[in-house]
Amino acid sequence: MDKLHPQASALRDLLLRSFDQELVETEAQQLQTALRTEPWLAAEKEQYLLLRAALPGLHPAADPAFTQRVTGGLFRQNNRMLHPLVRLWPAIAVAACIAVLLGLGFIYSTSGSLDQEAILGLDQVELDDVYVFDY
1 MDKLHPQASA
11 LRDLLLRSFD
21 QELVETEAQQ
31 LQTALRTEPW
41 LAAEKEQYLL
51 LRAALPGLHP
61 AADPAFTQRV
71 TGGLFRQNNR
81 MLHPLVRLWP
91 AIAVAACIAV
101 LLGLGFIYST
111 SGSLDQEAIL
121 GLDQVELDDV
131 YVFDY
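The sequence shown begins at 1 in the working numbering and counts up one residue at a time.
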């Protein structure tokens, strides 16, 4: 069809634009003349109109399991993120307990008791170590 008419591509562009926007008066007249004189252009317009009429009916059917698939996927994704933390939790807890015990052992070995003052490091503070600033 394009080879039969030298302006076929320009006419097709006019036809397609006419579906989406208002054409200038000269373009509209040119398109109307071409539709009357060129049977291939009129047939193409009919095909486009049929296609446009059929498009609204081509919506996908509602999928009742869609929400279950999405929430299941989110749950699996959360499990993949949390699983390493849950698996490492006992090791982290043991390491923290060991660190606390080592710290308390160090405090006991240096001060000889586990008083609150010893834990806070106040048992070795002398009055000379405290500076009072008078403003």
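If you are wondering where the hints come from, they were derived from the structure by calculation, not from laboratory data.
Be aware that a few hints might be false.
Okay, the calculated beta carbon distance ranges per label pair [as the list claims (entries may be wrong)]:
| no. | residue 1 | residue 2 | range |
| --- | --- | --- | --- |
| 1 | Asp63 | Ala91 | 39 to 47 Å |
| 2 | Gln21 | Arg69 | 36 to 44 Å |
| 3 | Gly73 | Ala99 | 35 to 43 Å |
| 4 | Leu85 | Leu120 | 52 to 60 Å |
| 5 | Leu51 | Leu85 | 49 to 57 Å |
| 6 | Thr67 | Glu27 | 33 to 41 Å |
| 7 | Leu104 | Asp63 | 53 to 61 Å |
| 8 | Leu85 | Ala54 | 28 to 36 Å |
Model, not experiment: these values are computed from the prediction.
Even glycine gets a Cβ: it sits at the ideal position worked out from N, Cα and C.
Hints versus structure:
Range check, Asp63 to Ala91: about 43 Å between beta-carbon atoms, so the 39 to 47 Å window is met. Checking the proposed 36 to 44 Å range against Gln21 and Arg69 shows it holds: the Cβ atoms sit about 41 Å from each other. For Gly73 and Ala99, the hinted distance range of 35 to 43 Å is satisfied, since their beta carbons lie about 39 Å from each other. Hint check: Leu85 to Leu120, Cβ distance near 32 Å, so the stated range 52 to 60 Å is violated.
For Leu51 paired with Leu85, a C-beta distance near 54 Å keeps the hint of 49 to 57 Å intact. Between Thr67 and Glu27 the beta carbons are some 49 Å apart, a value that contradicts the proposed interval 33 to 41 Å. For Leu104 and Asp63, the Cβ-Cβ distance of about 60 Å falls inside the hinted range of 53 to 61 Å, so the restraint holds. The hinted window of 28 to 36 Å between Leu85 and Ala54 is violated, with their beta carbons roughly 53 Å apart.
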